[in-house]
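S.K.: Listed in order, the protein sequences are those of chains A and B. The first sequence runs contiguously to residue 516 in the numbering used here. The second sequence runs contiguously to residue 119 in the numbering used here.
Hint data in this document are derived by calculation from the structure and do not stem from the laboratory. Be careful, since some hints might not be right.
Claimed, not checked - Quick list of in silico lysine-lysine cross-link-like pairs, DSS-like style, CA-CA up to 30 Å:
(1) A:349 to B:46
(2) A:4 to A:165
(3) A:348 to B:46
(4) B:116 to A:349
(5) A:71 to A:114
(6) B:116 to A:342
(7) A:238 to A:439
(8) B:116 to A:348
(9) B:55 to A:342
(10) A:154 to A:4
Claimed, not checked - Example chain A residues on the side facing chain B (calculated, C-beta under 8 Å, incomplete):
(11) 321
(12) 322
(13) 344
(14) 346
For clarity, every value in this text was computed on a predicted model and none was experimentally measured. Glycine is no exception: its CB is placed at the ideal position from the N, C-alpha and C atoms.
Each chain, written out:
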Amino acid sequence: MSSKANILIVDDEAQIAEMISASLQAHGYSVAVAYDGAQGIERAGREKFDLAIMDIQMPGMDGITALGEIKKLDPEMEVIIATGHGTMGTAIQSLRKGAFDYLHKPFELKELLKVVERALEKRKFNDIARAIFSTVQPEEQLRVIIDSVTRILKGGESLLVLPDKDGKPHVAVSQGLEDEAALASRLEMCSRALAAPDGAAKSVLPVETPYLDRKFSDIRGLDKVAFSLFLPLVENDKPAGLICINRTEPDAYFTEDDLQRARIFGSLVNLALRNSSLYRQLQETQSQLIQAEKMSALGQLAGGLAHEINNPLSGILGLTQLVLENLPQDSQNYSDLKEIEKAVFRCKKIIVSLLSFSRQEKTHMEPVSINEAIEETLTLCARQMELKHIKIVRQLAPGLPLVNADFQQLMQVFLNIFTNARDAMPDGGELTIATSLLKTPAGDEMLMTSVTDTGPGIPRDILGRIFDPFFTTKPVGKGTGLGLSVCIGIIDRHNGTIKAHSAPGKGTTFTISLPV
Amino acid sequence: MTRKVLIVDDEALVRNYVRRALATRGWTVTEASDGASALRLFGAEKFDLVVCDLKMPDMRGEEVARRIREAAPAVKIIVITGSVSNITSPIVPGVDVDGFLIKPFGIDEIRALADKLAG
């Protein structure tokens, strides 16, 4: 049998040390003994201990100093201090230095065992907290949470239920519930617990034999569940989800200790979830700031550069054309100069694209119908789509409110996105354009436009770069890499957002939201 | 009757091809490389058309155009520029101009505009 924990005893009185050691070993712990502070530190440096029980008055190095040294070596190791009479001051000092608790000598073994258990439980929680807080990747974090809670509360099965984006509860992660029908019945139970109007969804709630409970008795497939414990997730004081831990053995009811653990765990999880949601928000804001910074720097650069480049470029174009006038059209020089002329037009196109997001003051806002802007743009590219065998699917919601926008610029955004979609489907496909009105939880209205293609999708490693200026996957000369940068600039000026969702093989969706 | 054009641009490369593009279409061309000499030349001679850059070292093209317009209300003025702020609005603030070309422009564009304005 593997030991429950690894404990280090530091005491200069060999008799006491041996006695504690023997009794802890009898309770399944593995124990090492050191007979003074220096030895204890040396031992702790060599081996990993969960807990140290340390005498405070020892020859050579005293317990307080040794405690400090041990905490330096391993901050996660818990330390229980044993003190003699009349040393309350040192006991308090030891707590300040990070000891878990202290015991007055002589102490009873029962008392010691209790403190040891509590210290180890705290350590376990610390480990779990560290595991939960160190992951901010949502799926991974939920997996760590469900694994930990199932272990702590000795659940036979467990699930974590969160609302999806329409507010409907779904199973985010589960353990011990491979059977789909069983999982569905547990989800139904959780949905009802979540919807309970009596505030039950805000505190830890144990339920005995749920299939006999009035609230759940009509759900089929719950008869295997002997005891359930609902652990609510709370965000901003509102129910935000639920963890459900089930035990299947008939006598395995949840004790007061279990409930206490569940409460501690619950607050830990709520804190961790909030923490990682803030972290993700921070990351997003940061990347938006970086994007904005890039655009503004590029805009300034573009403005200055354009003027400097356009003069010589104009000269190249004009002189090239003058020479062309005097050359026979079938000569090599003629076709070479034609290439130069084409190259100049390419440069001109790049500069115009560059400039279109460096100018910011020229936006002409008026109430605009988004569906109309889409239809107008489609008129422009319908022919090209037809040639490429791309079917256009319109899912335009009727009766949408007008949005304050620059019609021409919106068309430019749509044209860019439609063109990208067309290029993503060289062998044909479907282009779905959908509009809808979305009410945010804050009560604001947003006009949502999504454009979905059936192309190969955008690989994950480049998805984050597609809005970067000059980033392009098209062959040299085919794309300037500025299309989506321009889109982001325009949508920014409309106080909206534009996002891309894509997975290899599953096409790409661009979602534009504009405030009404 | 020959038509006379004054080209005002500090960039010799641009003056060079605009001059040749228009000269081959029967225009008599005079060149100025800055605002002051443009105004001096304009005061000494009669022109049908002025092709004027906006950003020049000594004087803004808008100022040159404004003074020319004051002196000769009937003269046609084409503004040429490669600068950003004017790229979207073909109207030069405060000056009544007849045409606008954004650099880089080709010889056909300047010929067509000049011919159209000269009637």
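S.K.: Evaluate each hint against the coordinates.
M.R.: To see whether the hints hold, each was checked on the structure:
| no. | hint | verdict |
| --- | --- | --- |
| 1 | A:349 to B:46 | violated (38 Å) |
| 2 | A:4 to A:165 | violated (43 Å) |
| 3 | A:348 to B:46 | violated (35 Å) |
| 4 | B:116 to A:349 | holds (26 Å) |
| 5 | A:71 to A:114 | holds (22 Å) |
| 6 | B:116 to A:342 | holds (26 Å) |
| 7 | A:238 to A:439 | holds (19 Å) |
| 8 | B:116 to A:348 | holds (25 Å) |
| 9 | B:55 to A:342 | holds (27 Å) |
| 10 | A:154 to A:4 | holds (16 Å) |
| 11 | 321 | holds (5 Å) |
| 12 | 322 | holds (6 Å) |
| 13 | 344 | holds (6 Å) |
| 14 | 346 | violated (11 Å) |
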